[in-house]
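There are 2 protein chains.
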Amino acid sequence: MNHEQSISTDLIEFLSGFPELDKDKIESIANMIPVITPRKGTILLKESEIPKECYFVLKGMVRQYRLIEGIERTTEFYTEANGTVSSDHYTDQTPSSSFLECAEDCLLIAGNMKTDGVNYEQFPELAEITRRILENDLNRTKKALSDFILSSPKERYLHFMKTRPELLNRAPLHQIASYLGMTPESLSRIRKRIVSPGS
Amino acid sequence: MNHEQSISTDLIEFLSGFPELDKDKIESIANMIPVITPRKGTILLKESEIPKECYFVLKGMVRQYRLIEGIERTTEFYTEANGTVSSDHYTDQTPSSSFLECAEDCLLIAGNMKTDGVNYEQFPELAEITRRILENDLNRTKKALSDFILSSPKERYLHFMKTRPELLNRAPLHQIASYLGMTPESLSRIRKRIVSPGS
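Protein sequence lines, in the order shown, are assigned to chains A and B. Residue numbers for the first sequence follow this note's numbering, beginning at 1 and rising by one. Residue numbers for the second sequence follow this note's numbering, beginning at 1 and rising by one.
No wet-lab data here; the hints were simulated from the structure. Treat the hints with care, since some could be wrong.
It does not matter which identical chain is used: a pair holds within one copy or between any two.
Below, computed lysine to any residue pairings styled on SDA-like, alpha-carbon distance capped at 25 Å [what the hints assert, rightly or not]:
1) LYS154 to GLU4
2) LYS192 to GLU20
3) LYS23 to LEU145
4) LYS143 to LEU58
5) LYS40 to ASN169
Since this is a predicted model, take the numbers as computed values, not measurements.
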């Protein structure tokens, strides 16, 4: 299978998850959806740039971070399970406060203002699918915020291990520490205590 | 103006914010949308109940909280500016982990699974509007999560004063403290220090 074929397989697999799309529609939509394959390390968006696109992760990982006093502070890891990469800066067309970096080789749907309208008119099912994706993502993000508000650093780490354990193999610990709202030192301490609670 | 008329005025005002709806459509949709007017203190949803409805706040305030070791821990205030009250428990039809309480007399759009589909087919513009509301709310929630992750308690309070100062007059301080992820004592201390930084 060549590179183009493998992209199309991944996209078709993703679209097949939506029962309202039959085989013909999936093929037409797959041919129309703009997909990009940025390499690990690619910066998709810089601080103070106005976002030109929003993304959905089909494969790989996009990391969102802010630069605070010269230090990268990771606030989100977008992966296959948590794919919608967007922000109010895209919606409002204002300068972004974050960076978006491909933390792995990626396969992304890349939407922009110009193509958005056309798709929905041509395929009304897409509007319903987009709504469902947004709804799920909104619910997940709301839950993440409530959990974050209510939990101690240790509880946050335990919850992370339960819900996103695969990130431990995909991201360095100092980025995970930032994402959990703690210093790398606190994270190490918590991890050590969990492994050997007596020490 | 009687009670019914005043409800319809608020709903029409809300719908008029969407330029794709003309006067006739606004009236038809307003007649179709199910609106409820629960009093302050009404519990819309209890922990371990399966949600039957989702809500959108046109007027008033809905508070979301969890009961943890007998203590109410507030995680969100839904108001006119931040109206979508929904959760994965509604989407998945699983028992809720939170309570939803009307913290003021409310005017709410109350959607349920049965009416959802009908509306969109009859008024395709509603699908586009819903998508935009969801998108805005998702962006706002994502930003709130990033901000929460990156900020100290004092920064969180300052940000709250900048973005949602009206809540200070609408909710008791211990609920605001919980929502900001701190104890009421920490919140008092921060507030005192900001008022008289030398003390």
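So which hints don't hold here, by number, going up?
Hints 1, 2 and 3 are the ones this structure does not satisfy, whereas the remaining hints hold.
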